[in-house]
Amino acid sequence: MEYFIQQLANGLTLGSIYGLIAIGYTMVYGIIGMINFAHGDIFMLGGFAALIVFLIVTSFFAGVPVALMLLIMLVVAMLMTSLWNWTIERVAYRPLRGSFRLAPLITAIGMSIVLSNFIQVTQGPRNKPIPALVSDVYHFGAITISLKQIIIVVVTAVLLTIFWYIVNKTPLGRAQRATEQDRKMAALLGVDVDRTISITFVMGAALAAVAGTMYLMYYGVASFNDGFIPGVKAFTAAVLGGIGSLPGAVLGGLLIGLIESLWSAYFTIAYKDVATFALLAFVLIFKPTGILGRPEVEKV
Amino acid sequence: MTQSSASENLMGKALKEALFAGATAFGLFLLYVGIETYQNINNQLVWRTRWGMLAIFVVIAAVSRFLMVAFIVPHLDRRKLAKAKSGILEISDEKSFFHKHFLKIALFALVIYPMVSVMLAGTQGSLKYVDNFGIQILIYVMLAWGLNIVVGLAGLLDLGYVAFYAVGAYSYALLSEHFGLSFWVLLPLSGILAAFWGIILGFPVLRLRGDYLAIVTLAFGEIIRLVLINWTAVTKGTFGISGIPKASVFGIWSFDIGAANNFTKAFGLPMSSAYYKIFLFYLILALCMLTAYVTIKLRRMPIGRAWEALREDEIACRSLGINTVTTKLTAFAIGAMFGGFAGAFFATRQGFVSPESFVFLESAVILAIVVLGGMGSLTGIAIAAVVMVGGTELLREMEFLKHVFGPDFTPELYRMLLFGLAMIIVMVFKPRGFVGSREPTAFLKERKAVSGSFTKEGHG
Chain A
1 MEYFIQQLAN GLTLGSIYGL IAIGYTMVYG IIGMINFAHG DIFMLGGFAA
51 LIVFLIVTSF FAGVPVALML LIMLVVAMLM TSLWNWTIER VAYRPLRGSF
101 RLAPLITAIG MSIVLSNFIQ VTQGPRNKPI PALVSDVYHF GAITISLKQI
151 IIVVVTAVLL TIFWYIVNKT PLGRAQRATE QDRKMAALLG VDVDRTISIT
201 FVMGAALAAV AGTMYLMYYG VASFNDGFIP GVKAFTAAVL GGIGSLPGAV
251 LGGLLIGLIE SLWSAYFTIA YKDVATFALL AFVLIFKPTG ILGRPEVEKV
Chain B
1 MTQSSASENL MGKALKEALF AGATAFGLFL LYVGIETYQN INNQLVWRTR
51 WGMLAIFVVI AAVSRFLMVA FIVPHLDRRK LAKAKSGILE ISDEKSFFHK
101 HFLKIALFAL VIYPMVSVML AGTQGSLKYV DNFGIQILIY VMLAWGLNIV
151 VGLAGLLDLG YVAFYAVGAY SYALLSEHFG LSFWVLLPLS GILAAFWGII
201 LGFPVLRLRG DYLAIVTLAF GEIIRLVLIN WTAVTKGTFG ISGIPKASVF
251 GIWSFDIGAA NNFTKAFGLP MSSAYYKIFL FYLILALCML TAYVTIKLRR
301 MPIGRAWEAL REDEIACRSL GINTVTTKLT AFAIGAMFGG FAGAFFATRQ
351 GFVSPESFVF LESAVILAIV VLGGMGSLTG IAIAAVVMVG GTELLREMEF
401 LKHVFGPDFT PELYRMLLFG LAMIIVMVFK PRGFVGSREP TAFLKERKAV
451 SGSFTKEGHG
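These protein sequences, in sequence, are chains A and B. Position one of the first sequence corresponds to residue 1 (the working numbering), numbered consecutively onward. Position one of the second sequence corresponds to residue 1 (the working numbering), numbered consecutively onward.
Derived from the structure by calculation, the hints contain no laboratory data. Values in this document were obtained by computation on a predicted structure and should not be read as measured data. We treat Cβ as the ideally placed atom computed from N, Cα and C, and that holds for glycine. A few of these clues could be false.
[Claimed, not checked] DSS-like mimics (lysine-lysine), calculated; alpha carbons at most 30 Å apart, straight line: (1) 184/A <-> 236/B; (2) 236/B <-> 272/A; (3) 80/B <-> 297/B.
[Stated by the list, open to error] Among chain A residues calculated to face chain B with C-beta under 8 Å, some are: (4) 52; (5) 55; (6) 57; (7) 84; (8) 92; (9) 103; (10) 119; (11) 128; (12) 236; (13) 288; (14) 291; (15) 292.
Build out the structure end to end from the sequences listed, making use of the hints.
In structure tokens:
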């Protein structure tokens, strides 16, 4: 039983990270109906920004409090990825809005290739390890929970609350929901559609940066191809939960985190990703639009 | 407004945009280019600045934005305006000699290509041109034409096509290792096995549409790759399978060095691996032609028409009594079959297969070639394969760049970076792909090419 709860805690941590990335996928999909394939690499860029800032700050001021350090890493990573995603949307996606459906998908895949290779070229192909930021652990009987895990879950919960508030209670969120429902009508009613879409990309990127920083803190290492696997898993999470649905993305992320850690604990670690993908296929057979997705109504 | 003030206005605008682009580039690249992280002797991660490099990036961004706004965009606008005024439609029936006979010329060039490269570069020197360029490009042409059946004709978005390529390659590798069967037996068998896997993938995704389909096909590709990595008892995992037998000329002549019926011995030629490569070149060319022939023939048959109907409108298709289940499954199966053929060929060409060759990136590259070529157009896809694959292969050859950028410069490192950039640039400027016209198979009285924008890309 202790073992189970231990794995549950691990799964929850991992699931929080996936959930944060998945929101970026699901929001962009909801608002312009495209798979932002480069989102996983935005997550990777966030991790790298945090890593570089960490190195710079520690080389100038030794002994910065951990909380302040994390805060600086988070803020810089969020700014960096926001700028990147904003630019990417302007350069690669906006010219293709209203063009046929596969065109932005191809530019997004191209962008993903560009970003990971860009980091490989500029920062080198090797894994980048950093010393552990937080190493406290707490024991509850036989269960060990690290401070890292608590930070990840708490930060995720706080951000999701803020995020939920923005989307549901502010004029900006209203504009986003309006654009999602009917872009043309929203524009007619005075919503600045271009700006709303840009802000959506920025918000998704900021959450991905948080996920990237948390990932760096959790595993203590960053690499140029870190974006792909978590990106695909988060995308899987978004689809599993029903793409376009925000609670669905979080639910999907948590589910995938849990499956991964439980499968690794009770079966073979080698096939954990196979289990995740198989579950996705299995769920979609019975619910073709995901767990919380709205069924698509096609008008003739 | 006078001419001069208008152009002054334009310059002012361009300058402003250039400044903005420069500032953005500064922000974008500040951390990633301006700072370099590396491990020092104590294996600690440290950093140093690279302001010069950052300045180059910023200047490039600003200058290219300036040129874009001040010269390229007005030029394109003027051309568009002139075209609209002259009243000539973008797609006309007037075709030049070259255009009319393009396919014949291209085929002829391909047939004589190995001979020409032998003549120009010598037997040993031709290896590079036949193998790295010829065979490499033709493999991608074949894969892209195979995927085109699924994506371009049936409109089903498949992000895991490389799985069938892997199935074909491993089928050939394993069956030839354990049962000693020859290439000519295993080539069709690999195709059939891949088609079988195509149907296995097809069943669960029958009800899925659009992006749900995309992620499940992607997941399928990853599952196949992960199984290949982890099922070490059979696949030898990441080590891969080596020593895969070479193909023979229909079993009559072999290319194994010690064999009595060795090709070079039989013809009294000097020992060289170039002959095998030339044989492989014609083999893959024949396989490509088979793919093209089948695609063209199928488009005129009920099943091909059903695919295109499915792509245009699934609901209308179903209400006209077309069985969408078999239509989708045959599209997956036939597309997969050609992937399987290409996989078997790949295995015999390399003599070695490992899961490394079947990553998602390959699927992405193949899909990119299909879309960049203009979905559904065989010529366009072939052109895209030549440009994208040939272009990146060319980069391997650019040794002279080392003299420009110093000896540490490795052009290969930039291969995929440039590939990705090319994907973005081509899509932004030509969203309909290289070949923007389509030849319909059903027509009234006379066949007329239509713009690619009249065809849909499907929802499935």
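Now for the hints, and whether the structure bears them out:
| no. | hint | result |
| --- | --- | --- |
| 1 | 184/A <-> 236/B | violated (55 Å) |
| 2 | 236/B <-> 272/A | holds (19 Å) |
| 3 | 80/B <-> 297/B | violated (37 Å) |
| 4 | 52 | holds (5 Å) |
| 5 | 55 | holds (5 Å) |
| 6 | 57 | violated (11 Å) |
| 7 | 84 | holds (6 Å) |
| 8 | 92 | holds (5 Å) |
| 9 | 103 | holds (4 Å) |
| 10 | 119 | holds (7 Å) |
| 11 | 128 | holds (6 Å) |
| 12 | 236 | holds (6 Å) |
| 13 | 288 | holds (5 Å) |
| 14 | 291 | violated (12 Å) |
| 15 | 292 | violated (14 Å) |
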